[in-house]
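Put chain B on the given structure of chain A with help from the hints.
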Amino acid sequence: MSSWLDYTINGLIVGNVYALVAVGLALIFGVSRLINFAQGSIYLVGAYIGWVAVVQLHTPLVVTIALVATATAIVGLIIERFGLRPLQNSVRIAPLLATIGISFVLDQIVMLTFSPNPRALPSQLPDIRFQVGQGTIGPLDILIAGVGISSALLLFVFLRYTKLGWAVRAAAQDRDAAMQMGVDVNRVNQAVFGIAAGLGGVSGMLVGMYYNQIDTAMSLQATLKGVVAEVVGGAGNVPGAVVGSMLLGLVESYGVAVFGTSYRNLFAFLLLILVLVLRPNGLFASARQAPPEPLTGTFIAPSRPVRIPRWALVTAAGVFALLPLLPVSAYLLQTLINAWLLGMLALSLTLVAGTVGQVSLGHAALLAIGAYTSALLSLNFSLPVGIAIICGGLVTAALGTLLISPSFRLRGHYVSIATLAIGEIVSLVILNWESVTHGPIGVSGIPPLSLFGYELVSAPSIYWFSFAVMLLLALLQARLLTSHLGRSLRAIRDDDTAARAYGLSLNRYKSLAFIFGGFAAGISGGITAHLYSYINHETFNTQQSILALTVVILGGLGNVAGAIVGAVALVGLPEAFRIAAEYRILIYGIVLLLLVRFRPQGVLGTI
Amino acid sequence: MAGPSLLSLRGLTRRFGGLIAVDGIDLDVAPGKLVSIIGPNGAGKTTLFNLVTGLDRPDEGEVHLDDNDITGLAPERLADIGIARTFQLGRVFGNLSVMDNVLIGAHTRLRAVKPSVPLIGPLLELGLALLRPNSVKAEEERLREEVRNILARFGERLLPRVDQPAYSLSYANRRRVEIARALALKPRLLLLDEPTAGMNPTETAEMQALIAELKAEGLTILLIEHKLDMVMRLSDRVIVMDEGKKIAEGPGEEVRKDPKVIEAYLGHGLSEAARDEPEEVA
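As they're listed, the protein sequences go chains A and B.
Going by the working numbering, the first residue of the first sequence is number 1, and it counts up by one from there.
Going by the working numbering, the first residue of the second sequence is number 1, and it counts up by one from there.
Keep in mind the hints are simulated off the structure, nothing from the lab.
The structure displayed is predicted, hence computed values, not measured ones.
Yeah, the Cβ is synthetic: ideal placement off N, Cα and C, and Gly gets one too.
Any given hint could be a false lead.
[Stated by the list, open to error] Okay, the calculated bits of chain B under chain A, using three or more residues with CB under 8 Å as the criterion:
1) 80-86
2) 97-109
3) 200-214
Next up, chain A with everything else stripped away, as it sits in the complex (with noise of 0.2 Å):
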């Protein structure tokens, strides 16, 4: 790997993994207007298949192949039939859940499967290579090239020359005018999804021999990378999938040749946030088109919220801030604070994703700046504790905001995709910042809470603070929402085009929202840094993420109450019930799903 040829070979061949991901993605766009979060999840389901059969089954490489492209198959055909299908007349928000949870929950049965470790996935080719010009190919560049030109050409003769390929693009271009006319939707989904999911494990599989090495961390990757792929090539469009998929390895190729391997993601999600920013419909999509989104239907359920009477919210805030003295344990007083800390976070998310309607799936990353903002702050300028978590709140807001601020001009799914990416580009920014955020070591020593020179050491003490701290902005969200500032956050979300129609400026009211939320998010990230007093990269992470997301629809969307219920349930229910650290995410996925499924608007409504 020394001459730029063999740069560009690397970045080629990628770009043919990534292909295969990015077109199955935008068969599934094209067709459903969907972006399918767990197309990486298939993606590692057959990296895995792969690996059995190579290893435990030996089977020749044209069936290893064969198996994996049929097994993941019938999972995409399972997912869209038992996963997605019931959702159909569902609100915009629901699919956009769905798929979230469905990899959630994928992710999290092959890691119980087989186990977080990592593990060889040997390639079934002879070790050689040959000389081309100054650079050397070897026979699986060959083999991932050929089955990447092979599938492409497959997918544009069933495309093109059969019944059902032509279904699928009438269904693509006008879904209504194709049911219409005859063409059964249900049967064009899932030829789209079998297709899309059969492409992606093989590429899984593909990756997993390649670089020898597979492992759970490859799902979120893959479908970042995919969805970047596609979101450059245009949402839907096939032949830009696969162009910009090949732009995606490349550009990656060379930010490894000149900065070095930890930068790789980087480069990829600079590129989707530049992309969305100049060209959110994608590289080949004329400048101007009427807005892709269909104009009717809502984003969240419509649904009354439960009206749950004053003085029931102020004895139950009594009876937790009396909590500590009664004889209780400080295992119980330890989960309760567990909860106001992801309380806190889910009340950020829910002003976010429910009131203004922008689901973030980067949330932890407000996390991680106001953690590392208030432990750096209180180690290396000795800023009291308190002082420092409020400069890390403050912080958060600010910086949080400018980051999230190229998709606020995306709709729906984009924001999604492009909070995940904004996520991971701070993650990346915080491993590869040494001087100030010591990279992978992380920071540690960071001084306990104090507040007004007393330190917090006791469960009692830590209690109060953070209860104390999450009922003061549930109480302040609670007025933002009854202000006018509420009504246009709320407006904006269900019909953006009509509320800029009178008046509304979508980027300051989503700023504002950011500002108010980031805040609160970020305060807690700080107070989670002084009470662990070690905090890392990896520290919050998408997991957190989505558990948070999970809280919010469990309450429901916008409702501070059901942020607080949400938390304090998906918190304490586990412990409770005692169940395994390693199912609890798989639990939570299944929640998720659970609650898009029947009770969309979760428990006490949305608001």
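Below, chain B alone, put in the same frame as chain A:
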């Protein structure tokens, strides 16, 4: 056109790929007048509305309000200078109450929103929303009262449902909420896109009476409507569009007898037969 116009369009054009949706439209609306745009489906009427209200930008041509060039301004700016519209498909804020929907209409008039200093302005707005000093409370209360007065114009249709979420309303009531929301902006120019679509004859008559009332109060209105009977009664002038072009313009009765108009509605060949019975056009 005699007299100064409030709104004037010159050579307004919008192309979608090969299709020219709006093709060199000139149009003038004098203050206090009601001008209707009619034409078959797909004639480009709603696209024209989108161009005037900033939801879409013209490829060519200009839009003037009071001699100020407002071509291609963002919709939020146009709302600020007093252009309000309703939407063909009825775009209410589904999860907001009727009251909140109409209050959004008054958004541009809120003083709590006004500090438009960059960076600090939004923060001040956040502060005012949280602290809510008496001035903000009083303003909110005054607007709520105003909204109730606007809703009262629809008789008992909306007032009893003032706290209900808009998604629970009937189709006709959603249209009414849209119009109430537009009125709350205190517009200088009101654009109504098929306000009676999907309404039964009684409801249509009510709506017609309301629009007549608004006109009598001096509001300048641009109306898209298919119910020609209503158009004839309300309009000072009628513009007929077909395939993006303006094919006729003038007082209602004159336009109605125009052979080009009959042809546009009924298609070639049929116009001969129809000329004998122009009433059929409605």
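Against the structure, the hints:
1. 80-86: With 3 residues close enough to chain A, the hint holds.
2. 97-109: holds (count 7)
3. 200-214: violated (count 0)
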